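Q: Sequence:
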Amino acid sequence: MSEDDGDLIPVVLVKQYIFCPRIVYFSEVLGLKERETELMYEGRDMQWAEDRRDRRRKRVPGTGLEARGAKHGVLYVSRRLGLAGVVDLVVDEGGVAVVERKAAKRPKRVHRNHLYQLAAYALLVEEATGKPVMRAYIHYLKSGDIVEVTLTDEAKRHVLWIVRQIKSIIWEERLPPYSEKPACKSCGYRWICRQL
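Under the numbering used here, residues -10 to 185 are what the sequence shown spells out, in order.
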């Protein structure tokens, strides 16, 4: 793969890079699949059920936004940004808003990887619509909480830096250094990570 390929980085890789840069190497360089856990299956089912409910609703819960005309699960692609991703929900009512669903309980504070995933989606939607994303939300399905997230220009610039780092790992086939984190225990690549 060369730098000129213009390969698009899936937004989920932005989230995974923040969680652990080695995931990018395992999935994109070695072509390994993450071992799916019961929680992953449960999360997919929760997301699917919530999407079906959202399509019937008049308002997006916890946001005050009109649900009519909302776009559900739309793929956004930008060659200029080098990104592509499916946004759970986009509402264009008095300014564009994006909603990302997480099959989890609300944490004490928004996780960094989720913040940058949301910022990446905002960049894609802004480019596609030509309008700024005025509001961004994370809907935590297990607790039912919806949290409004402030997306700064700095966060959006950081996403572009992350995209460059991801491309560098892929193009150079470079394994990032190992670092033990509490989250390693639940990682779907744990089986190989310590072997390399």
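Calculated directly from the structure, the hints in this document are not laboratory data. Since this is a predicted model, take the numbers as computed values, not measurements. It is possible that some hints are incorrect.
What follows is a list of derived Cβ distance ranges for each label pair [what the hints assert, rightly or not]:
1) G71 x P121: 31 to 37 Å
2) G71 x S175: 35 to 41 Å
3) L164 x G62: 31 to 37 Å
4) G58 x L185: 25 to 31 Å
5) G20 x G84: 37 to 43 Å
6) W150 x G58: 38 to 44 Å
7) P121 x V18: 20 to 26 Å
8) D34 x W150: 30 to 36 Å
9) G119 x G62: 34 to 40 Å
10) K60 x S168: 15 to 21 Å
Ideal Cβ placement from N, Cα and C applies to all residues, glycine included.
Q: Kindly confirm whether 34 to 40 Å is satisfied by the beta carbon distance between G119 and G62.
A: violated, 21 Å
Q: So does G20 sit 37 to 43 Å from G84, Cβ to Cβ?
A: holds, 41 Å
Q: Could you tell me whether the CB distance from D34 to W150 stays inside 30 to 36 Å?
A: holds, 34 Å
Q: Check the following: the C-beta atoms of K60 and S168 are separated by a distance inside 15 to 21 Å.
A: Between K60 and S168, where Cβ atoms are some 38 Å apart, the hint is violated.
Q: CB of P121 to CB of V18, is that within 20 to 26 Å?
A: Hint violated: Cβ distance 35 Å, outside 20 to 26 Å.
Q: Between G71 and S175, does the beta-carbon spacing fit 35 to 41 Å?
A: Check failed, 29 Å falls outside 35 to 41 Å.
Q: Is it true that the C-beta distance of G58 to L185 lies inside 25 to 31 Å, as the hint says?
A: violated, 48 Å
Q: Tell me if the beta carbons of W150 and G58 are separated by a distance inside 38 to 44 Å.
A: Violated: the Cβ-Cβ distance is about 34 Å, outside 38 to 44 Å.
Q: Okay, L164 versus G62 on CB: inside 31 to 37 Å?
A: Once the Cβ atoms are compared, 33 Å apart, the range 31 to 37 Å for G62 and L164 holds.
Q: Return holds or violated for the Cβ distance of G71 and P121 against the range 31 to 37 Å.
A: Hint violated: Cβ distance 20 Å, outside 31 to 37 Å.
When each numbered hint is compared with the structure, violations occur for hints 1, 2, 4, 6, 7, 9, 10.
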